[in-house]
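Chemist: Assemble the complex: chain A is given as a structure, and chain B must be docked to it using the hints.
There are 2 protein chains.
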Amino acid sequence: MSAILDRMAGIVGAKNIVTDADAMVPYLKEWRDLFRGKAQGIVRPGSTAEVAELVKLAAETGTTLVPQGGNTGLVGGQIPIAEGREIILSLQRLDKVRAVDTDGDTMIVEAGVTLKRAQDAAEAAGRLFPLSLASEGSCTIGGNLSTNAGGTAVLAYGNARELCLGLEVVLPDGRIWNGLRQLRKDNTGYDLKDLFIGAEGTLGIITAAVLKLFPLPAARATAFLAVPDPEAALALLNAAKAGAGGTLTTFELMPRIGLDFVLRHASGTRDPLSEPSPWYVLMEVSAQSAAGLDEHVEAFLGDALEKGIVTDAALAGSLTQRADFWKLREMMSEVQTYEGGSIKHDVSVPVHAQPEFLKRAIAVVEAMVPGCRPVPFGHLGDGNIHFNVSQPVGADKAAYLAGWSEMNEAVHAIVTELHGSISAEHGIGRLKRDLLPGVKDPVELDLMRAIKQTLDPRGVLNPGAMLAAK
Amino acid sequence: MSAILDRMAGIVGAKNIVTDADAMVPYLKEWRDLFRGKAQGIVRPGSTAEVAELVKLAAETGTTLVPQGGNTGLVGGQIPIAEGREIILSLQRLDKVRAVDTDGDTMIVEAGVTLKRAQDAAEAAGRLFPLSLASEGSCTIGGNLSTNAGGTAVLAYGNARELCLGLEVVLPDGRIWNGLRQLRKDNTGYDLKDLFIGAEGTLGIITAAVLKLFPLPAARATAFLAVPDPEAALALLNAAKAGAGGTLTTFELMPRIGLDFVLRHASGTRDPLSEPSPWYVLMEVSAQSAAGLDEHVEAFLGDALEKGIVTDAALAGSLTQRADFWKLREMMSEVQTYEGGSIKHDVSVPVHAQPEFLKRAIAVVEAMVPGCRPVPFGHLGDGNIHFNVSQPVGADKAAYLAGWSEMNEAVHAIVTELHGSISAEHGIGRLKRDLLPGVKDPVELDLMRAIKQTLDPRGVLNPGAMLAAK
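Protein sequence lines correspond, in order, to chains A and B.
The numbers in full-length UniProt numbering rise by one with no breaks, and the one at position 128 of the first sequence is 128.
The numbers in full-length UniProt numbering rise by one with no breaks, and the one at position 260 of the second sequence is 260.
No lab work stands behind these hints, which were simulated from the structure alone.
Note that the structure is predicted; figures quoted are calculated from it, not measured.
For each residue, glycine too, the CB sits at the ideal point set by N, CA and C.
You can trust all of the hints, since none of them are fake.
Covered by chain A, per the in silico footprint, the following chain B stretches (three or more residues, Cβ under 8 Å):
| # | segment |
| --- | --- |
| 1 | 197 to 211 |
| 2 | 238 to 252 |
| 3 | 381 to 389 |
Simulated restraints, written as ranges between beta carbons of each label pair:
| # | chain 1 | residue 1 | chain 2 | residue 2 | range |
| --- | --- | --- | --- | --- | --- |
| 4 | A | N178 | B | L319 | 44 to 50 Å |
| 5 | A | A99 | B | G84 | 46 to 52 Å |
| 6 | B | E123 | A | D441 | 28 to 34 Å |
| 7 | B | R458 | A | A99 | 42 to 48 Å |
Okay, chain A solo, but in the shape it has when bound (with noise of 0.2 Å):
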């Protein structure tokens, strides 16, 4: 162990300490397995103090920090991929719900309670903690607030920055600054709380949170429903947005090949209506009164069947045919990986500008690639689509795969066109790093430079995420 693990022994104690190759692989692992990282060991604290002592210490000694909590990320923020003199710091001890108040919907979480023991506890006290994501038994709150995590609830609650109140952060100094506030309203000062979530572990490390929480809806409306195309979707979520009889929570753009996979490979599956269609929409309307909300959607999808916005319809009649409706949708993701290799993109565009996105960049990579499977699937109600790309039938896995670069950069600039994200909801981390030059005015990327530098002087915290070490 090096003297500098020794030091940090004696702040958590050596069973904290990890330094055994096979052991420290969860911690550097990529979970799609796309890659390994390299660290000279795990530090698991299991308080905010710890974690003050441990980021001092590292100051004091030009050691540098990258923070973890479950090992999710999908842009590699959390793993350090450098030649290995970097410390893991692992928040996955720091699991605690400190509170939850039913009086004022707030609830007090450490940075390493998962997300999905976050809504079981909010539910537990019979409220609703919105966030929800494929991987929320085992992200933390920490990393959802660090990469400002999205999700399927983001339509109708927002993402995870709009769900925190307040924050306890440890700095690049070591000093902790308690702004767990339990305010709805509080304006005394800059905003701090919202430069650290969606930071990436860069400028300090959240270690614990004041979350909404919210009433659980009283009951819900979920349909799936046939489309002819992206504009008619788009006009469907318009009329939805008020004319549903209820909240839109769910808003889900799926085509006809996603949906054919999912029949494919996913056991228990079946298509909701007898004849297919390009396009489909899964739709959830939230209330807070079950009276009339059914019989609102009906007429509403009567409507929009009438002038031909959707061409067929399916309403949940019970609660295992909602689940069966979403399960089309989970599984979308997770199939593709039956279908060989498979090019990702994760944009956004302003939500207006979808269907020219999708016109443009289905042709782009066609093009490209004649003969690949564009599934672009997912958050229509946020503007933000999974824009995945399967290989051709009986393509080489690895050479496809070996276009990934080219092909993002392609869609990547007619994103960039349309006034879009090259990154939606996964953020920046490490993977999409050298690409944020090309897509950052450059006034923009001075300003993180010089927070940066203000608030990290020594590059303590998670060098070369989000941007380059020094």
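Modeler: For chain B alone, coordinates are given in the frame of chain A:
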């Protein structure tokens, strides 16, 4: 005219420079007429490019600028009060609604557009821009964002911060940051937008913004309710969030004395209930379907009456009656001026702590000034009570108001003990600046100063607001 104003006239044209003492009054007069500011002159640019040129010139020449919107701020953030070397940069001529996008539910407006005009532009497009304040006819979007304005719709829609997707900002060196994003999801770097929102023009000048639009509610149910005490009001709040059959969009607390003042001084008002009650709640529930809403709210209130958390209730049966109920709340601030001096506190505490805050704060001020008349009212749903205290009947107004700071200090001490905020809505400006070190974590003040120093090293923008001038 000074040499610098001469050069500024070269940028904006001579007719857009104001130096005449009388003509400067509207820019220098605090709107409650509490004080007059001092300035070299007023400069009124007509475009973002002109703002940028002016700021660049100021930075080069060591001139200090105070940005101003509708001059409705309540803490002197928009009015220089030092020796008069500052120049006020009025954003009022940047008054274009640049775009309204009903597909993406966004609107791009310039900083000088009044809140009322922004609301109207949204409504003309069949959408809701929910920010709503007493001064909406004259306050501007730039000022609303620079102060992170609150108001009566925060409960359901959030503060100004939550209603903004992107900004255009002129930085303290005159560069323009174009962050006018219309994206619902974008995780490509630090959250700069929220650093400028609520910064009171000390870090940059907001020149335009992308605002979020919402569907217009299809139906509203508005109730004027008698409640025995703040504890009951809090229980009612929590029951209503989940059980009133729609989205709880308003929950305002009022004391009997406040209602008495309104009935005494505001013409055309009457008590909707037959018996007096110590406390009242104005509650509004909004829904996307009218079907069953009134019946649901009636059933909910019947249940609350049975439980004793409501002792009497009136449900608005018409738009006129709804307006009458709202008027009782809306007049509650103004009518206090007819009862002599009023010492004000714009404070918030965690929602659950409000009954304790009210009990302690009322006891403290009554002990300080026997016979004084506390009129605490406002946004119970947000933890934000306007704790106003009217002078004793027949007391000397000036002598009473001389105790302003002392009473503030005593009330703020309770707020701070309860982990509250001494400025829930209005900001810090110049009037509360010297209170900050007493209530803020020194770590947080350090971070604020470091950020100011990084973005505005020369101290060009709004010196003396929020933080002491260099």
